[in-house]
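J.: Sequence:
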Amino acid sequence: MSMRLKDGIFLAPFHPLDEDPTLAIQRDLELIEHLDRLGYEEAWVGEHHSAGFEIIASPELFIAAAAERTKRIRLGTGVVSLPYHHPLTAANRILQLDHQTRGRVMFGVGPGLLPSDAFQMGIDPSTQRDRMVEAVEVILRLFKGERVTHKSDWFTLQDATCQLKPYTWPHPEIAVASSVTPSGGKLAGKHGFGMLCVAATQAGGYDALGINWKIANDTAAANGKTMNPEKLRLVGPVHLAPTREEAWANVEFGARKWLDYFQRINPAGQLMTREGDPLKHMVEDGIAVIGTPDDAIAQIRRLREKQGDFGVFLQLAHNWADFDKTKASYELWRRHVNPAINGMNDQRQTSFDWATGHGAEYMQASMNAAMATIAKHNAEQDVKAKK
108 MSMRLKDGIF LAPFHPLDED PTLAIQRDLE LIEHLDRLGY EEAWVGEHHS AGFEIIASPE
168 LFIAAAAERT KRIRLGTGVV SLPYHHPLTA ANRILQLDHQ TRGRVMFGVG PGLLPSDAFQ
228 MGIDPSTQRD RMVEAVEVIL RLFKGERVTH KSDWFTLQDA TCQLKPYTWP HPEIAVASSV
288 TPSGGKLAGK HGFGMLCVAA TQAGGYDALG INWKIANDTA AANGKTMNPE KLRLVGPVHL
348 APTREEAWAN VEFGARKWLD YFQRINPAGQ LMTREGDPLK HMVEDGIAVI GTPDDAIAQI
408 RRLREKQGDF GVFLQLAHNW ADFDKTKASY ELWRRHVNPA INGMNDQRQT SFDWATGHGA
468 EYMQASMNAA MATIAKHNAE QDVKAKK
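Going letter by letter, the sequence shown gives residues 108 to 494 in this note's numbering.
Keep in mind the hints are simulated off the structure, nothing from the lab. Check the hints yourself; a few may be wrong.
[To be verified] Just the calculated beta-carbon pair ranges, DEER-fashion:
id	residue 1	residue 2	range
1	434	258	48 to 56 Å
2	232	206	32 to 40 Å
3	328	469	51 to 59 Å
Remember, predicted model here, so these are calculated numbers, not experimental data. Ideal Cβ placement from N, Cα and C applies to all residues, glycine included.
Please model the complete structure; the sequences and the hints are all you need to start from.
T.: This is the structure we're talking about:
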């Protein structure tokens, strides 16, 4: 069997413009509580500042609230867009969360995704990836307790250090966003970070999985590091129901709004590339799963055939269905998909087969023993009666 696959969600989140944002954020927190009760192991929370749908501006604030409502689920920034932040304040926020969550926080980093976010801050998109790398190098030194002086064209540190030592030794887990370009793989490999493959099921991201993983491994080897596939996370949209018909009926609630958002925010994207129903094309092309637990199991097997071992599958939280059916979908995954892909019931099945395969034999032996006990009892009673 392949390595054990953990499960979680990637919560951008996506909330249509006709919903109350206060209630939407409240529902996101309730979802994390639900996942914690079900046994999900990770939840990654995004950072966005424009376009209306992805309304969490500070994943750290959300994580602080979610941590107080949960017991064991790990909570990650998915991701902190480092070019938007001074490295010292970013490092301090993560270290504070590391203590507040008792080590459950994970530090996801990236260059920033939405061009409109960077535009609002006056940031040239061509500088974002280099700035991410520069910020990470400084943050690692701060995590180690160094006192840092560093002057850049976009930030300055003067004899700076963090007040807190990490709660997690040597520091919270770090994962780098990776989609199509090699920059995420290079940075992950240089430091042995995890990778968040946020477009793992989409055409470009799916095709780049092996390429970027090789880049990460080659870079790691050149820097004396080793990439751990347990820290490789793949993201993809899923909605499950007992039947495919029910699943498709469920997603009519919100999937069209989600598709419209992506078409408008990125008209050159890959979700609307041919005539017909784009949602059906997403399923046919392996971008999304809308169906039963068996369909989700098939998707994991497909990804393993493409990539080999990876450590975590993160369902993209999308609000395609209403909240009750969304929660039911996540429960179906934990009840049926997670045990199947991890072989959790293999020994139970073996025990069942063994016991039922010898059922007649064992039952006859048990009945013989019972009859012998009765006969012995009757014989004892006869002896007493004769006295």
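J.: Would you mind marking each hint as holding or not holding in the structure?
T.: Structure-based check of each hint:
1. 434 / 258: 48 to 56 Å: Distance hint for residue 434, residue 258 holds at roughly 50 Å.
2. 232 / 206: 32 to 40 Å: Since the Cβ atoms of residue 232 and residue 206 sit about 35 Å apart, the hinted range of 32 to 40 Å holds.
3. 328 / 469: 51 to 59 Å: holds (56 Å)
This entry satisfies every hint, going by the numbered hints stated previously.
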